[in-house]
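A.B. asks: These protein sequence lines map, in sequence, to chains P and B.
Per our numbering, the very first residue in the first sequence carries number 1; after that it's consecutive.
Per our numbering, the very first residue in the second sequence carries number 1; after that it's consecutive.
In case anyone wonders, no lab produced these hints; they're calculated from the structure.
Note that the coordinates shown come from a computational prediction; the quantities given were computed from them, not determined experimentally.
Wrong hints could be hidden among the right ones.
[As the list claims (entries may be wrong)] One-sided excerpt, in silico: chain P residues whose CB lies under 8 Å from chain B:
| id | residue |
| --- | --- |
| 1 | Ile3 |
| 2 | Ser5 |
| 3 | Pro17 |
| 4 | Glu36 |
| 5 | Gln38 |
| 6 | Leu42 |
| 7 | Val53 |
| 8 | Thr63 |
| 9 | Asp64 |
| 10 | Thr77 |
[Stated by the list, open to error] To give an idea of the chain P side of the interface with chain B (calculated C-beta under 8 Å), a few residues:
| id | residue |
| --- | --- |
| 11 | Ala39 |
| 12 | Ala43 |
| 13 | Arg50 |
| 14 | Val80 |
| 15 | Gly85 |
| 16 | Arg88 |
| 17 | Lys136 |
| 18 | Ile139 |
[To be verified] Here are the in silico distance ranges between beta carbons for each label pair:
| id | chain 1 | residue 1 | chain 2 | residue 2 | range |
| --- | --- | --- | --- | --- | --- |
| 19 | P | His171 | B | Thr96 | 35 to 41 Å |
| 20 | P | Gln38 | B | Val185 | 45 to 51 Å |
| 21 | P | Lys22 | B | Glu37 | 22 to 28 Å |
| 22 | B | Asp64 | P | Lys22 | 20 to 26 Å |
| 23 | B | Ala150 | P | Pro35 | 22 to 28 Å |
| 24 | P | Val173 | B | Asn114 | 43 to 49 Å |
| 25 | B | Thr96 | P | Arg21 | 15 to 21 Å |
| 26 | B | Thr186 | P | Val173 | 56 to 62 Å |
Built from N, CA and C at the ideal position, the CB exists for glycine as well.
There are 2 protein chains.
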Amino acid sequence: MAIASIEKMITQLARLPGVGRKTAQRYAFFLLGVPEEQALELADAIIGARKSVHPCPVCGTYTDLEKCEICADPKRTDAVICVVGDPRDVMAMEKTREFTGRYHVLNGSLSPMNGIGPADLKINELMQRCEGGTVKEVILATNPDVEGEATAAYIAKLLKAKGVTATRIAHGVPIGGNLEYTDEVTLAKALEGRRVL
Amino acid sequence: MAIASIEKMITQLARLPGVGRKTAQRYAFFLLGVPEEQALELADAIIGARKSVHPCPVCGTYTDLEKCEICADPKRTDAVICVVGDPRDVMAMEKTREFTGRYHVLNGSLSPMNGIGPADLKINELMQRCEGGTVKEVILATNPDVEGEATAAYIAKLLKAKGVTATRIAHGVPIGGNLEYTDEVTLAKALEGRRVL
Numbered sequence: 001m002a003i004a005s006i007e008k009m010i011t012q013l014a015r016l017p018g019v020g021r022k023t024a025q026r027y028a029f030f031l032l033g034v035p036e037e038q039a040l041e042l043a044d045a046i047i048g049a050r051k052s053v054h055p056c057p058v059c060g061t062y063t064d065l066e067k068c069e070i071c072a073d074p075k076r077t078d079a080v081i082c083v084v085g086d087p088r089d090v091m092a093m094e095k096t097r098e099f100t101g102r103y104h105v106l107n108g109s110l111s112p113m114n115g116i117g118p119a120d121l122k123i124n125e126l127m128q129r130c131e132g133g134t135v136k137e138v139i140l141a142t143n144p145d146v147e148g149e150a151t152a153a154y155i156a157k158l159l160k161a162k163g164v165t166a167t168r169i170a171h172g173v174p175i176g177g178n179l180e181y182t183d184e185v186t187l188a189k190a191l192e193g194r195r196v197l
Numbered sequence: 001m002a003i004a005s006i007e008k009m010i011t012q013l014a015r016l017p018g019v020g021r022k023t024a025q026r027y028a029f030f031l032l033g034v035p036e037e038q039a040l041e042l043a044d045a046i047i048g049a050r051k052s053v054h055p056c057p058v059c060g061t062y063t064d065l066e067k068c069e070i071c072a073d074p075k076r077t078d079a080v081i082c083v084v085g086d087p088r089d090v091m092a093m094e095k096t097r098e099f100t101g102r103y104h105v106l107n108g109s110l111s112p113m114n115g116i117g118p119a120d121l122k123i124n125e126l127m128q129r130c131e132g133g134t135v136k137e138v139i140l141a142t143n144p145d146v147e148g149e150a151t152a153a154y155i156a157k158l159l160k161a162k163g164v165t166a167t168r169i170a171h172g173v174p175i176g177g178n179l180e181y182t183d184e185v186t187l188a189k190a191l192e193g194r195r196v197l
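The shape of chain P in the complex, shown without the other chains (with noise of 0.2 Å):
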């Protein structure tokens, strides 16, 4: 009763994260299930989007033009880079509609465990970026865990070399959360920055 072609789908279904093999079968039925069209164009999506869609050559994030459209706006300014780990986080910064500067994409975080270095990440085409002058502030938006801190710690010792200042979002209590259920090391950062009002 094994059907090739619907094991090989299946198989390619699990391979997306967070999917185990039942949804992958739940996944796969269903696009056997719906009119053939439908299943088509989520194929023909995935293959549209692969071959328009790359990182942009000055940032890293996704786009679909030479140069993406933050990289091409010439009304942002180009005396402030944040720092990303990946290009869905620039999407984040760019809901905010707080930030009005340049980004850059490391994709990834330095993580040796991994085997993952300086190498592997972004980080030369960002001091590169960082030379002549015009880059002011270099503002590092990195995840707020082990590997994002020392990529950043990383990457603002390079920046100091340079003499550009590199800045770190603050960490802190999230708005709409409740101090009860606040973790003790979150506690702490929102405490050590305190402002005064």
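Dock chain B against chain P, hints included.
C.D. replies: Leaving out everything else, chain B in the frame of chain P:
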């Protein structure tokens, strides 16, 4: 920052069962981040499955052959047909390795609330297969829910008029289950269906 082809991929992924926009975004960015071959392999697997897999013209289960392996197997008996709602149920039944008859997939259950009547299911096709006196027993293995029970009762009535024995799979306490946590309807059915040891 909205890139049309990424948006399209997210929209299509969000049509998968149980997948919301957030999960679809996660899948989409995963598919953008993996090597291009891997993303295209998934797309190709979907296209391949849809091009090669179709319902068996006899029983309605999925097959990539002219007639499914079960219908084509000369070692199986034509005297018993097991009626299920969905091609997935055929696979579930086959896993038991207990059934050596044929199958018939209804493609759903009667559901007047959703406008699904007898003409929307493969009930006429089942009745045609029961002509000629070869089929002695039809096992109604539709789902043990309201729609499945109603569908089984409806088909049983039609079969009785034809002189074919209709049986229903047993309801009861599942193996590995716990009496304390079994709902009262299932327990009542288990009592009702008790057998002499």
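A.B. asks: Are the hints correct? Go through all of them and say.
C.D. replies: Results for each hint:
no.: 1; hint: Ile3; in the structure: 5 Å, holds
no.: 2; hint: Ser5; in the structure: 4 Å, holds
no.: 3; hint: Pro17; in the structure: 5 Å, holds
no.: 4; hint: Glu36; in the structure: 5 Å, holds
no.: 5; hint: Gln38; in the structure: 7 Å, holds
no.: 6; hint: Leu42; in the structure: 4 Å, holds
no.: 7; hint: Val53; in the structure: 6 Å, holds
no.: 8; hint: Thr63; in the structure: 7 Å, holds
no.: 9; hint: Asp64; in the structure: 5 Å, holds
no.: 10; hint: Thr77; in the structure: 17 Å, violated
no.: 11; hint: Ala39; in the structure: 5 Å, holds
no.: 12; hint: Ala43; in the structure: 4 Å, holds
no.: 13; hint: Arg50; in the structure: 5 Å, holds
no.: 14; hint: Val80; in the structure: 17 Å, violated
no.: 15; hint: Gly85; in the structure: 12 Å, violated
no.: 16; hint: Arg88; in the structure: 5 Å, holds
no.: 17; hint: Lys136; in the structure: 24 Å, violated
no.: 18; hint: Ile139; in the structure: 18 Å, violated
no.: 19; hint: His171(P) x Thr96(B): 35 to 41 Å; in the structure: 55 Å, violated
no.: 20; hint: Gln38(P) x Val185(B): 45 to 51 Å; in the structure: 36 Å, violated
no.: 21; hint: Lys22(P) x Glu37(B): 22 to 28 Å; in the structure: 26 Å, holds
no.: 22; hint: Asp64(B) x Lys22(P): 20 to 26 Å; in the structure: 22 Å, holds
no.: 23; hint: Ala150(B) x Pro35(P): 22 to 28 Å; in the structure: 27 Å, holds
no.: 24; hint: Val173(P) x Asn114(B): 43 to 49 Å; in the structure: 47 Å, holds
no.: 25; hint: Thr96(B) x Arg21(P): 15 to 21 Å; in the structure: 19 Å, holds
no.: 26; hint: Thr186(B) x Val173(P): 56 to 62 Å; in the structure: 47 Å, violated
Checked against the numbered hints above, the structure violates hints 10, 14, 15, 17, 18, 19, 20 and 26; every other hint is satisfied.
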